[in-house]
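Undergrad: Those sequence lines, one after another, are chains A, B and C. Taking this note's numbering, the leading residue of the first sequence gets 1, the next gets one more, and so forth. Taking this note's numbering, the leading residue of the second sequence gets 1, the next gets one more, and so forth. Taking this note's numbering, the leading residue of the third sequence gets 1, the next gets one more, and so forth.
Any given hint could turn out to be false.
Covered stretches of chain B (chain A as the covering partner; in silico rule of three or more C-beta atoms under 8 Å from a C-beta of chain A) [stated by the list, open to error]:
| id | stretch |
| --- | --- |
| 1 | 4-12 |
| 2 | 28-39 |
| 3 | 42-49 |
In case anyone wonders, no lab produced these hints; they're calculated from the structure. No residue lacks a Cβ here, since even glycine has one placed at the ideal position from N, Cα and C.
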Amino acid sequence: MPVWEQAISLRILISEDDTHDGRPLHEAILKAARKAGLAGGKVSRGVAGYGRSGHIHESWRGFSYDLPVVIEFIDSEEKIDAFLPTLQRLRQGALVIRERVEALLPDDAGANP
Amino acid sequence: MPVWEQAISLRILISEDDTHDGRPLHEAILKAARKAGLAGGKVSRGVAGYGRSGHIHESWRGFSYDLPVVIEFIDSEEKIDAFLPTLQRLRQGALVIRERVEALLPDDAGANP
Amino acid sequence: MPVWEQAISLRILISEDDTHDGRPLHEAILKAARKAGLAGGKVSRGVAGYGRSGHIHESWRGFSYDLPVVIEFIDSEEKIDAFLPTLQRLRQGALVIRERVEALLPDDAGANP
Chain A
1 MPVWEQAISL RILISEDDTH DGRPLHEAIL KAARKAGLAG GKVSRGVAGY GRSGHIHESW
61 RGFSYDLPVV IEFIDSEEKI DAFLPTLQRL RQGALVIRER VEALLPDDAG ANP
Chain B
1 MPVWEQAISL RILISEDDTH DGRPLHEAIL KAARKAGLAG GKVSRGVAGY GRSGHIHESW
61 RGFSYDLPVV IEFIDSEEKI DAFLPTLQRL RQGALVIRER VEALLPDDAG ANP
Chain C
1 MPVWEQAISL RILISEDDTH DGRPLHEAIL KAARKAGLAG GKVSRGVAGY GRSGHIHESW
61 RGFSYDLPVV IEFIDSEEKI DAFLPTLQRL RQGALVIRER VEALLPDDAG ANP
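Given only the sequences and the hints, what does the whole structure look like? Please build it.
TA: As structure tokens, then:
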């Protein structure tokens with residue numbers, strides 16, 4: 001049976017319109033996290049939400065702007081903590097969420113690799 | 001360094017075909033939560049899932065119907081609790097998930113605001 | 001007022017290009033979980049991420065390949081545990097994340113069913 005390890009899920013909630021040096025902010029955060037060696041990097045885009053303005057933004061099947069984007073990483077507490085100062089410089093005041101989780105890490109290959 | 005605050009992640013799992021007063025249910029929930037001042041409102045749409053019927057519904061790159069939709073809010077326990085009676089009236093028996101998380105709240109502006 | 005029950009969120013992070021017997025891996029996992037009677041089955045597709053290769057893959061509004069896909073289930077600890085040997089055979093070494101959550105289960109119908 002697999003061995004569960006303690007890990008941290010770190011999520012950053014930004015807008016798709018947020019930028020850093022003229023490029024999408026999610027891209028800057030993803031690149032910085034890859035450089036820091038964080039695992040499980042994934043960017044997902046919501047279809048509706050409301051930003052700090054309080055206005056509802058929606059893209060169900062058409063026009064959209066300012067939709068929510070969540071970037072998530074899953075790694076050890078040490079690696080997540082080491083990344084926080086970098087994230088603090090990049091996050092532009094965005095909501096950041098941290099949760100303790102249990103993980104079967106990717107290098108723990110299954111029976112059908 | 002940032003200060004982590006205790007917060008609650010509240011997620012509601014519905015179908016994109018659920019409605020309330022002739023409009024999509026996710027819209028009614030999002031509007032009610034905005035009115036209640038909940039932060040971090042985000043709606044995401046799955047590309048596949050199975051509803052209460054047990055049938056698998058999928059939209060990978062084409063036709064779709066009855067896909068899962070998740071609405072998430074992140075806020076203090078007090079504000080989430082105050083929203084629950086409203087959600088209870090709107091949820092139509094849907095799965096609701098609640099988790100304790102740590103958050104850097106949006107008003108805690110970073111070094112690069 | 002609703003009664004919160006202890007539950008487990010189980011998430012599996014794979015790539016959209018992973019296959020099992022010539023079909024998408026997410027499909028095989030979803031079908032196996034439905035057969036095991038797991039609730040809350042939902043597949044979501046990221047718009048960017050980096051796989052085990054460390055290369056960033058992105059599909060904002062155009063071409064894409066090898067994007068991250070997350071499959072999530074929410075059910076009791078017993079049912080999740082019973083599903084793990086099946087998942088272990090299917091996961092191909094992928095990252096699996098487990099979290100304790102509180103849930104209002106779908107059969108607990110709301111006031112407006």
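Undergrad: Evaluate each hint against the coordinates.
TA: Hint-by-hint comparison with the structure:
1. Interface restraint, the stretch 4-12 of chain B with chain A: holds (3 residues with C-beta to C-beta distance below 8 Å; minimum three).
2. Counting residues of the stretch 28-39 of chain B whose CB lies closer than 8 Å to any CB of chain A gives 4, which reaches the minimum of 3, so the coverage claim holds.
3. Check on the stretch 42-49 of chain B: 4 of its residues sit with their Cβ under 8 Å from a Cβ of chain A, so the three-residue criterion for coverage holds.
Violated hints are absent here; each numbered hint is respected by the structure.
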